[in-house]
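Protein chains: 2
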Amino acid sequence: MKGSIPTATVARLPLYLRCVSEVAPDQVTCSSEQLAESAGVNPAQVRKDLSYVDPPGVRGVGYDVAELRAVLRRELGLTREHRVAIAGAGNLGNALTMYPGFNESGFNVVALFDTDPTKIGTRIDSLTVEPYETIGTIVAARDVSIGVIATPVKAAQEVADRFVEAGVRSILNFAPAVLKRPAGVEVRRVDLSTELQILAYYEGRLGG
Amino acid sequence: MKGSIPTATVARLPLYLRCVSEVAPDQVTCSSEQLAESAGVNPAQVRKDLSYVDPPGVRGVGYDVAELRAVLRRELGLTREHRVAIAGAGNLGNALTMYPGFNESGFNVVALFDTDPTKIGTRIDSLTVEPYETIGTIVAARDVSIGVIATPVKAAQEVADRFVEAGVRSILNFAPAVLKRPAGVEVRRVDLSTELQILAYYEGRLGG
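These protein sequence lines are chains A and B, in that order. For the first sequence, my numbering gives the first residue as 15, with consecutive numbering after it. For the second sequence, my numbering gives the first residue as 15, with consecutive numbering after it.
Some hints here could point you the wrong way.
[Claimed, not checked] Computed, partial: chain B to chain A, Cβ under 10 Å:
1. I19
2. V42
3. S45
4. V55
5. P57
6. A58
7. V72
8. V75
9. I160
10. S184
11. L186
12. D205
13. Y215
I should point out that these hints are in silico values taken from the structure, not numbers from a laboratory. What you are looking at is a predicted structure, and each value in this text was computed from that prediction instead of being measured. Don't be surprised by glycine CBs; every beta carbon is placed ideally from N, CA and C.
Start from the sequences, fold in the hints, and give me the full structure.
Here it is as structure tokens:
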């Protein structure tokens, strides 16, 4: 149990990881300025954030790309596999099931659930859609640790309750609903319109 | 042309907006602590961020929910309609086309493009899938200001170039590709595995 890294710093670690994962193949070090830009903070904040995960940057040289990448992957727990279950086999759930970025980061989608009888039993990628009622048994049998909610709003709470009951402690919620959940369960909500709203701000300024 | 709000502050405005949009109907004011939690920053940062958009909070009382909501919507440019075109009519593109959160925020998806002959001409929601070659004419004719890229990696740059050539200045990129783009074009990239990585961090700490 470490748990001493501030929430906002944790949220930036994946952005730093993406930054060092995408530098040119011949770039050996990465400056705090470059990392700062990737996360929308200033270089002083980058140095502070990275002091929690420990690779000391060398003044005037920056961070070693390979070392920082390894440290961030370890810190984020990406060196081990995470099993993911997705509830909701609509377009969004199917898109997430087949999202190429998940596998690359060590996230393995092992179950897909829906309530629609015309979907249950059909195959998406290598998975068979299964009913919500089986969440409890399947989550346990397949050792799922992360539950993704891609259902309509009205089903989101039911599905969240089933995940939590089955022992899932990490939930990613795409439904525009605020979920009630017991202590000890981490819920993150993704609102796809957030990014469009940020663009809309700049669009106003560009006079577009 | 204002443009004086720091990038990181702009990125938090939609989170503050979501916070004041989701308070209980009888909650008239919102504390900087509550806003801080929604954006993963501290209350001092909230007060600094909101000083750019101008509604002064009253010490000890907080921000007026209705007023702050109106100010944030205006500042983000959500009081006018934004026309969105989506390239890529796979699961992700289709999910985005039908995403209920877009319409609520004033984003209107008016075109959907793909390169697959079996998809071109089919209907998704109220839209007909059209070929990439028509991006130029359709973007102009329908007054599109935001382009969304939901294509496979290999098509992302081509589609981005077509959007930019057609005059689109704001691009939201879901493809895991770094895009080359001319100055004056704002590109934001959404990586759906970022949120899972944050969950993976907490999962390691929860011992799950």
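Going through the hints against the structure:
1. I19: holds (8 Å)
2. V42: violated (19 Å)
3. S45: Violated. Min distance 17 Å.
4. V55: holds (6 Å)
5. P57: violated (13 Å)
6. A58: Violated: closest Cβ of chain A sits about 13 Å from B/A58, beyond 10 Å.
7. V72: violated (26 Å)
8. V75: With a minimum Cβ separation of about 24 Å from chain A (threshold 10 Å), the hint on B/V75 is violated.
9. I160: The hint holds - B/I160 has a Cβ within 10 Å of chain A, the shortest such distance being about 6 Å.
10. S184: Constraint on B/S184 satisfied, holds at 4 Å.
11. L186: Nearest chain A Cβ about 6 Å off; hint holds.
12. D205: Given a least distance of 6 Å, the restraint on B/D205 holds.
13. Y215: Status holds, d = 5 Å.
Violated hints, in rising order: 2, 3, 5, 6, 7, 8; the structure is consistent with all others.
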